[in-house]
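*Asks:* Here's the letter readout for the chains.
4 protein chains.
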Amino acid sequence: MIASSPAEVAQGVSKIISMLPASAEVQEVYGGKDGILSTAQKGTLLLDSSTIDPSVSQEVAKQAETKGAVFMDAPVSGGVNAARDGVLTFMVGGPEGSFAEAKAILDNMGKNIVHCGAVGTGQAAKICNNMLLAISMVGTSEAMNLGIRLGLDPKLLASILNTSSGRCWSSEVYNPVPGVVPGVPSSNDYKGGFGTALMTKDLGLAQNAASSVKANTPLGAAVFQIYRTMVNHGFGGKDFSSAFVFLQEQGKAK
Amino acid sequence: MIASSPAEVAQGVSKIISMLPASAEVQEVYGGKDGILSTAQKGTLLLDSSTIDPSVSQEVAKQAETKGAVFMDAPVSGGVNAARDGVLTFMVGGPEGSFAEAKAILDNMGKNIVHCGAVGTGQAAKICNNMLLAISMVGTSEAMNLGIRLGLDPKLLASILNTSSGRCWSSEVYNPVPGVVPGVPSSNDYKGGFGTALMTKDLGLAQNAASSVKANTPLGAAVFQIYRTMVNHGFGGKDFSSAFVFLQEQGKAK
Amino acid sequence: MIASSPAEVAQGVSKIISMLPASAEVQEVYGGKDGILSTAQKGTLLLDSSTIDPSVSQEVAKQAETKGAVFMDAPVSGGVNAARDGVLTFMVGGPEGSFAEAKAILDNMGKNIVHCGAVGTGQAAKICNNMLLAISMVGTSEAMNLGIRLGLDPKLLASILNTSSGRCWSSEVYNPVPGVVPGVPSSNDYKGGFGTALMTKDLGLAQNAASSVKANTPLGAAVFQIYRTMVNHGFGGKDFSSAFVFLQEQGKAK
Amino acid sequence: MIASSPAEVAQGVSKIISMLPASAEVQEVYGGKDGILSTAQKGTLLLDSSTIDPSVSQEVAKQAETKGAVFMDAPVSGGVNAARDGVLTFMVGGPEGSFAEAKAILDNMGKNIVHCGAVGTGQAAKICNNMLLAISMVGTSEAMNLGIRLGLDPKLLASILNTSSGRCWSSEVYNPVPGVVPGVPSSNDYKGGFGTALMTKDLGLAQNAASSVKANTPLGAAVFQIYRTMVNHGFGGKDFSSAFVFLQEQGKAK
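Residue numbers (full-length UniProt numbering), protein chains in the order written: chain U, 1 to 254; chain Y, 1 to 254; chain Z, 1 to 254; chain X, 1 to 254.
Think of the hints as simulated: they come from the structure by calculation, not from any bench.
A hint or two may mislead.
As the list claims (entries may be wrong) - Under 7 Å between C-beta atoms, here's a sample of chain U residues computed to sit facing chain X:
1) T44
2) E249
3) Q250
Think of the CB as a built atom: it goes at the ideal place given N, C-alpha and C, for glycine as much as any other residue.
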């Protein structure tokens, strides 16, 4: 059945999962004129797997509460392959008492279903992880590029980092230098994977959240600007590990 | 026996290991008036475990060559505990043909003795690792601080990062937030460990090396300045994971 | 007369000027339950001199329009002395046709009353100016500190900069080094002037605005984080030129 | 007369002016095998207008002293037009007692001949100015780009900045947005002017100098990396005000 509006969807069901591009769409689909909350029944469980501003999740949860419904944020990580294999991670924010019901649903799609705390903390966990991921990825790209220019073999350098204190997911599992790790986007012309434009969006959410709680994030701010520059220079559709290419690229005269 | 000069040391021996504070001392101890090279015999193996500018290692190696001696750079990583237990990592740069001899000596002190390539590449590997380490540590500090302010429990956040793509040595093994990992400096008032002033020195070497080979290192440059600021504000003697404290500190009015 | 609510203020008047701390207060005072817009008469001119998010000015202007009132943003720059002397600058955003009426009022307080364009552009101009100001001030602080450490006399260095391409308002009029320019905060223990906490707030607005229009602001992002760090370390109440002190401070061991 | 070596030049003269690309060339031309110092006569005045590392100027000055010659650093600023019109600025470092003699020569080429202090301080002044210039230029580019995206007219925004606290040489005299100031490189496709590659070189000198005196330069470090990235992406031969283009460029998919 295809519904003509979110309101129609909400009429006959007791559980809804949504996954939308950004904060504005979540506000519209839930709180808009023909939104879910206009018809949602008492006791409905609303699971939103969008990656959005934590404060928007909290705002929608408040609106849901006035209807007697429960809204939980449940952003996801793991990428396309994890989705296909049903091993995604869901970071869930919302009332303790509703978590078991949420988990029962999400278990069908994911392997790790983590209760992070009150509504919005799922988003917080996702945002923090992706900020650190972006920092590590650009850091790995810088370290690999520097080492190569100083005469080190890329595979050897990666193996040294990976047995030392510099090791991180980006150096071990998803190395940005082509040929170091087989099967990852860097070894496939940076196709597939997690796009630079999407990472830029998540880094923007992290900066907004950091501003709102007055958290100091010098590298988070720097890496947001680097990914923004990459998008401006045509890397938006490439995997975010293409930071390596961006940093070492030797351009033609413009 | 206590020698009165490096020259005196070099007179009667065929193998020398040195470990000095910085580039200037290495230049003086090897190439100075009463330096090792003034008396070193043909065939002497010179192993320098200082962390210095790779180009200085290369320069001293050239001087050694004119005396028929072999100079290899062999900086070390692993810290005080690894030194006590004899499990240090040595990153060695120098001629393939001399590596076995170097390894035989270094095996007494370390567990991983890695041949990185020509002279200077040991320094290069060390510098790249420590630059990535500093970036990851500040990144982890930012992510943990942001998450805590957004309402996440520190241990829960660390466990989420450590099973996700944000994981790194700094989040898993050496978490900068007190109480998350037992026995590390952050759980002991940031005493012991690897001092902020020493990390700042290594980051300066990384920036010099990056300038010389025209490598782009935006986060490496940023983190160097952050650690420099920390030294200026009294964190020089604290472990480098005290970046977490520096970022979230709520100062008194000045 | 003291009114008991913004609604009461709006009842009997045709012109209102407001100046509030931040976006939330503007939303509340205009759009809240007893807000100005609940009673504002048709044709009322609403001039808001707060420094807030341009998108909030636009949002309130839309609400005002439905009541037949005209809302214009008119943030101010110039500081305490300019206010006393009536030589403030007002950057005004709103309909061309209402500008003359706004100017007639603002002429009583300011010297430069500039029409910047549609509603929100007054904020935009203010935010852009203050972002560039903060960048120039920290840049001047860095250049002065570096030059002094390299052996230059501060006054001589300032005079060289001020006759060269490095000159800016911060180097000429408001030099952050004590003793270079008489009568400015740096020569009075950084008292008075424009507080670091207020500058940090404006830089946060700039970053939010930059995110919303996808503008690349690497130095704007960096300087926001620097001022955030300064606030965390007790400089919030000092003039924003105290960046010079923050950068060169040699802290006691912590 | 064309000499076959620097040594031959130095034989018959009492005053020498040099202007060379970088530190290595100055070391070679003065201190090399057939260098100026191999034949320079007692009392010769050596004026070096290269922009190099201040510590190299100091090193060559020491070598000159042992020959009884006086070496002064005298880097220049002002660009091609100023050179043609004889209105360059020379920043001179060296003994007070030799400054009058140096000035008499430099007066033929420049308008401002400034004695900065001991040898090396001419370089220091030049480096500090150019670091602040680069910071202001990128800052101006960011502010103009942000303002334009927020709906401001570029000329109006420039005029607001130029009568406010954000004003700087880059916003007033050399605005990076095409069409705002006539006759500057931005209005001529960023041709002519001061090349991005040359600015990058000077910023590298500033970072080396900052490292050596432990000066904190967060924006100086950031802007060096931005210009390095620009060189890597093909802007090396464009005027350094092309930072505006780099920041706002909307790239094609790569």
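*Asks:* Taking the hints in turn, state whether each one holds.
*Replies:* Consistency of the hints with the structure:
no. : hint : in the structure
1   : T44  : violated, 41 Å
2   : E249 : holds, 5 Å
3   : Q250 : holds, 6 Å
Figure legend: structure checked against the earlier numbered hints; the only hint not met is number 1.
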